[in-house]
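Between the sequences and the hints, there should be enough to build the whole structure, so can you do that?
There are 2 protein chains.
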Amino acid sequence: MTPIHHYHNDDKVMVAVDCIIFGFDSEGLKILLIKRGFEPEKGKWSLMGGFLKKEENLDQAADRVLKKLTGISNIYMEQLRSYSKVDRDPVERTISVSYFALINKDDHDIDLTKEYDAQWFNLKELPQTIFDHPEMIERALNVLRRKAVTYPLGFELLPEKFTMRQLQDLYECILGQELDKRNFINKVNSLDILIKLNEKDKSTSKKGAFLYKFDVEKYQAKSHEGFSLKIA
Amino acid sequence: MTPIHHYHNDDKVMVAVDCIIFGFDSEGLKILLIKRGFEPEKGKWSLMGGFLKKEENLDQAADRVLKKLTGISNIYMEQLRSYSKVDRDPVERTISVSYFALINKDDHDIDLTKEYDAQWFNLKELPQTIFDHPEMIERALNVLRRKAVTYPLGFELLPEKFTMRQLQDLYECILGQELDKRNFINKVNSLDILIKLNEKDKSTSKKGAFLYKFDVEKYQAKSHEGFSLKIA
DNA sequence: CCAAAAGTGTTTATGATACACCCATGA
DNA sequence: TCATGGGTGTATCATAAACACTTTTGG
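Taken in sequence, the protein lines are chains A and C.
Going by this note's numbering, the first sequence opens with residue 37, and the numbers climb by one from there.
Going by this note's numbering, the second sequence opens with residue 37, and the numbers climb by one from there.
Read the hints as simulated data drawn from the structure, not as lab findings.
Misleading hints may appear alongside valid ones.
In this list, chains with the same sequence are indistinguishable; a pair is considered to hold if it fits within one copy or across any two.
[Said to hold, decoys possible] Cross-link-like lysine to any residue pairs, in silico, SDA-like; alpha carbons within 20 angstroms at most:
hint: 1; residue 1: Lys90; residue 2: Asp46
hint: 2; residue 1: Lys121; residue 2: Arg100
hint: 3; residue 1: Lys103; residue 2: Val224
hint: 4; residue 1: Lys254; residue 2: Asn158
hint: 5; residue 1: Lys238; residue 2: Pro76
hint: 6; residue 1: Lys160; residue 2: Asp61
hint: 7; residue 1: Lys90; residue 2: Asp61
hint: 8; residue 1: Lys90; residue 2: Asp168
hint: 9; residue 1: Lys90; residue 2: Lys121
hint: 10; residue 1: Lys232; residue 2: Lys254
hint: 11; residue 1: Lys243; residue 2: Asp153
hint: 12; residue 1: Lys121; residue 2: Glu92
hint: 13; residue 1: Lys121; residue 2: Gln96
hint: 14; residue 1: Lys249; residue 2: Arg201
hint: 15; residue 1: Lys89; residue 2: Arg129
Spelled out as structure tokens, the structure:
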């Protein structure tokens with residue numbers, strides 16, 4: 037039999053990464069988009085994307101692109117999937133690998149200076165996005181929701197001290213549904229990864245709500261056993 | 037701000053697909069490998085891989101490559117993940133997207149004529165494979181196991197009529213662990229997707245075991261509700 | 001004194017697990 | 001008659017889900 041291919045250049049293509057950044061803050065779950073700075077579709081809303089360079093791997097490309105376009109760095113993004121429709125980019129054959137992360141919006145808003153045309157959008161009020169970005173976003177959101185129930189996301193997303201209500205709000209935002217307060221608290225307590233503090237946050241009620249912090253040791257000890265925070 | 041990139045060719049790279057084919061038959065779970073037909077690493081065992089062409093998408097490339105190297109066609113493969121270490125292919129910068137499928141080995145053995153240097157290997161006796169193929173295989177196996185408990189794989193993998201024991205063997209192979217016979221049967225029956233036939237298979241015992249077939253309508257009705265076959 | 005959010009337990013239902021004996025038959 | 005695999009049911013436990021009233025306090 038003949039070899040399928042030698043290595044030649046005829047079939048080289050551009051490889052891109054697109055970063056899907058979900059952000060959480062007191063207002064809810066948002067997604068970050070930029071005004072695309074080059075043709076085609078210049079000026080339209082887009083995920084943060086750019087091309088893979090020869091001397092870097094995809095993870096590195098995603099980090100670099102995100103930082104260049106938004107200033108955000110040092111976050112953990114996860115590779116999701118490749119998109120390869122032949123005509124997905126009208127200029128030239130390009131495949132794109134999507135990455136996603138969920139971050140605390142407030143921790144990174146400093147980065148989003150005027151220098152960048154990046155903007156947070158409420159998930160329910162997304163503008164039109166270019167190419168196959170709507171599909172990328174939808175798939176990422178599914179993965180995010182699946183992860184949220186399988187694995188205790190969220191602790192990195194809250195301030196160091198937080199109330200049960202804030203934690204519950206986080207889960208409700210991500211899952212897009214309301215949860216029973218008592219069941220939620222029971223579940224979280226059964227995981228035994230929070231420390232109840234002797235302080236109260238009075239900003240949202242007259243009675244005040246106890247603050248909790250996250251027991252890093254217990255959390256880490258348990259997280260590789262893989263515990264599930266299935267909440268409904 | 038300046039655009040991050042114009043479209044130029046400096047950073048074009050080769051894009052490959054690698055197919056991970058798990059096969060099930062009466063002997064158990066196997067994986068298909070080929071003797072690589074071109075340099076580098078010619079003659080070593082490898083996943084079925086080849087390069088993406090400009091006029092096809094990744095799914096199509098995976099189908100084409102698999103057919104060319106093994107004769108196997110018309111199977112559903114699922115995209116898994118991109119591998120992009122800079123030096124993963126020593127000849128030239130190449131990223132690879134892995135695909136996987138689980139098939140009934142007997143249904144496709146016809147295809148594997150002498151023409152192909154493809155061979156099934158028992159999962160526990162894998163030979164050394166090239167590049168990052170060991171990692172691809174390991175990840176694919178994890179996905180396969182996760183899918184097996186979440187979603188009733190396996191019905192496509194058995195002959196039209198099969199015994200409970202065969203179905204249980206299938207799951208035990210995939211999960212790599214023994215299951216309790218009674219619990220397994222109870223669970224499967226509770227799904228209500230099998231039809232018990234009035235025939236027995238006497239090939240493995242004197243008493244004979246009832247044959248079942250798969251109730252296609254019920255199966256399909258339920259499968260988009262998404263039912264789980266969690267078995268331990 | 002009252003509105004608004006915080007806090008708190010129990011019951012029920014469902015699914016998971018563990019477990020052991022009789023049956024039918026061909027050799 | 002006996003060895004071999006086939007077939008069957010129950011009790012227990014853990015987890016999920018549903019559910020409502022009292023507490024606190026600033027205004």
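Cross-check of the supplied hints:
Proximity of Lys90 to Asp46 under the C-alpha cut-off of 20 angstroms is found in both arrangements, the shortest distances being 17 angstroms within a copy and 8 angstroms between copies. In this assembly of identical chains, Lys121 and Arg100 lie within 20 angstroms of each other by CA distance solely across copies; the values are 16 angstroms between and 24 angstroms within a copy. Within a single copy, Lys103 and Val224 get their C-alpha atoms no closer than 34 angstroms, and across copies no closer than 50 angstroms, so neither meets the 20 angstroms cut-off. In this assembly of identical chains, Lys254 and Asn158 lie within 20 angstroms of each other by CA distance neither inside one copy nor across copies; the values are 34 angstroms within and 40 angstroms between.
Taking the shortest Cα distances, Lys238 and Pro76 never come within 20 angstroms of each other, neither inside one copy (51 angstroms) nor across copies (67 angstroms). For the homomeric pair Lys160 and Asp61, the shortest alpha-carbon distance inside one copy (15 angstroms) is at most 20 angstroms, but the shortest distance between copies (48 angstroms) is not. Neither within a single protomer nor between protomers do Lys90 and Asp61 lie at most 20 angstroms apart by alpha-carbon distance, with minima of 37 angstroms and 43 angstroms respectively. For a Cα distance limit of 20 angstroms, the shortest separation of Lys90 from Asp168 across copies, 18 angstroms, qualifies, whereas the shortest one inside one copy, 24 angstroms, does not.
For the identical chains of this complex, Lys90 and Lys121 are inter-copy neighbours only, at 10 angstroms across copies versus 22 angstroms inside a copy, given an alpha-carbon limit of 20 angstroms. In the homo-oligomer, the alpha carbons of Lys232 and Lys254 lie at most 20 angstroms apart inside one protomer (14 angstroms), although the nearest pairing across protomers, at 50 angstroms, exceeds that limit. When the C-alpha separation of Lys243 and Asp153 is checked against a cutoff of 20 angstroms, the pair qualifies neither within a copy, at 42 angstroms, nor between copies, at 74 angstroms. Taking the shortest Cα distances, Lys121 and Glu92 sit within 20 angstroms of each other only across copies (8 angstroms), while inside one copy they are farther apart (24 angstroms).
Only between protomers do Lys121 and Gln96 lie at most 20 angstroms apart by alpha-carbon distance; the minimum there is 10 angstroms, versus 24 angstroms within a single protomer. For the homomeric pair Lys249 and Arg201, the shortest alpha-carbon distance inside one copy (13 angstroms) is at most 20 angstroms, but the shortest distance between copies (51 angstroms) is not. Taking CA atoms no more than 20 angstroms apart as the test, Lys89 paired with Arg129 passes in both settings, with 16 angstroms inside one copy and 10 angstroms between copies.
Hints 3, 4, 5, 7 and 11 from the earlier list are contradicted by this structure; the remaining hints agree with it.
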